[in-house]
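Okay, here's what each chain looks like letter by letter:
Protein chains: 2
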Amino acid sequence: MISGRCAACKYLRRRCPSHCIFSPYFPPNDPQRFACVHRIYGASNVGKMLLKLPPHLRAQTADTLYMEAKCRIQDPVYGCVGIISHLHQQIRIAESQLAKTQAEIAVFNSIAREAQVQEIEADSNFFKNLLPEEITAAGLRSYGYGSPSTQTFKFN
Amino acid sequence: MISGRCAACKYLRRRCPSHCIFSPYFPPNDPQRFACVHRIYGASNVGKMLLKLPPHLRAQTADTLYMEAKCRIQDPVYGCVGIISHLHQQIRIAESQLAKTQAEIAVFNSIAREAQVQEIEADSNFFKNLLPEEITAAGLRSYGYGSPSTQTFKFN
Chain A
1 MISGRCAACK
11 YLRRRCPSHC
21 IFSPYFPPND
31 PQRFACVHRI
41 YGASNVGKML
51 LKLPPHLRAQ
61 TADTLYMEAK
71 CRIQDPVYGC
81 VGIISHLHQQ
91 IRIAESQLAK
101 TQAEIAVFNS
111 IAREAQVQEI
121 EADSNFFKNL
131 LPEEITAAGL
141 RSYGYGSPST
151 QTFKFN
Chain B
1 MISGRCAACK
11 YLRRRCPSHC
21 IFSPYFPPND
31 PQRFACVHRI
41 YGASNVGKML
51 LKLPPHLRAQ
61 TADTLYMEAK
71 CRIQDPVYGC
81 VGIISHLHQQ
91 IRIAESQLAK
101 TQAEIAVFNS
111 IAREAQVQEI
121 EADSNFFKNL
131 LPEEITAAGL
141 RSYGYGSPST
151 QTFKFN
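As they're listed, the protein sequences go chains A and B. 1 is the number of the first residue of the first sequence in full-length UniProt numbering; add one for each residue after it. 1 is the number of the first residue of the second sequence in full-length UniProt numbering; add one for each residue after it.
These are computed hints drawn from the structure, not numbers from a lab. Hints are supplied without guarantee of correctness; some may be wrong.
Treat identical chains as interchangeable: a pair holds within one or across any two.
In silico EDC-like pairs for lysine to aspartate or glutamate, Cα to Cα no more than 16 Å straight-line [to be verified]: (1) K52 with D30; (2) K52 with D75; (3) K48 with D75; (4) K48 with E119.
The following block holds chain A by itself, in its conformation from the complex (with noise of 0.2 Å):
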């Protein structure tokens, strides 16, 4: 029957054969699919690379050659080797801000460490300025025990 041919024996123009193998891959709705796969492989290379595959494998392969004969079409030089040198140096541009970012926090690190001891120390040396009194004051009034305004001191 005519109008049941896949796309690949309308492209040939021959008789779709019960068993075709091309027909479970290339329904006749999307003719450029195979005209791509056959203007890059050619229709006897594509049918032999299925007809080598277990059928459960078929449909993931003509997937893939379609996509690569697409890129060849798109990109006559590189093909899918474009998209993988793009990509690969995608991958170098991540990794790069990756490295730097983790510098970065490395950074922060040794920053907030320093920050610390500073901290210790010059609260180390305030103290060390105070007399015990002194300290004992400020820290009973920071509880509320005893005005500033009435409360008298002698230290000697």
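Chain A is already provided as a structure; the job is to place chain B on it using the hints.
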């Protein structure tokens, strides 16, 4: 001359013409290179693809066709598309690592800001609870003026 034939003409068992389209890109010392592209695309398709391009782009084209054919032989189901999927996955992993690291930086920044605010508040609370004289005395001693053991302060 038989020994001067390119890998393609040797493979196809034919005389190598003087302007052979394969000759510059398929040297006789690498017969596997032509065998690969022949197996996947067929000699006629490779020749057509090379002829359609200007001579300065043909070497690159032969290289990428060889790479794609080799990939298809190694992985008959996915070919180069398998590499592309793998690279896409690597990019997703690198991007998610980058996002995680950038989030870590944001957390660091927010902790640092919070710590700064708390430090300023703590300092201002401590000084609020010290009398002006205590601050001055501590300040003077830190510059080496007056000795705590001999000095007398009286606060009213």
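So, going through the hints one by one against the coordinates:
Proximity of K52 to D30 under the C-alpha cut-off of 16 Å is found in neither arrangement, the shortest distances being 24 Å within a copy and 26 Å between copies. Only between protomers do K52 and D75 lie at most 16 Å apart by alpha-carbon distance; the minimum there is 12 Å, versus 28 Å within a single protomer. For a Cα distance limit of 16 Å, the shortest separation of K48 from D75 across copies, 15 Å, qualifies, whereas the shortest one inside one copy, 25 Å, does not. In this assembly of identical chains, the alpha carbons of K48 and E119 never lie at most 16 Å apart, being 76 Å within a copy and 76 Å across copies at closest.
Hints 1 and 4, counting from the list given before, are not met by this structure.
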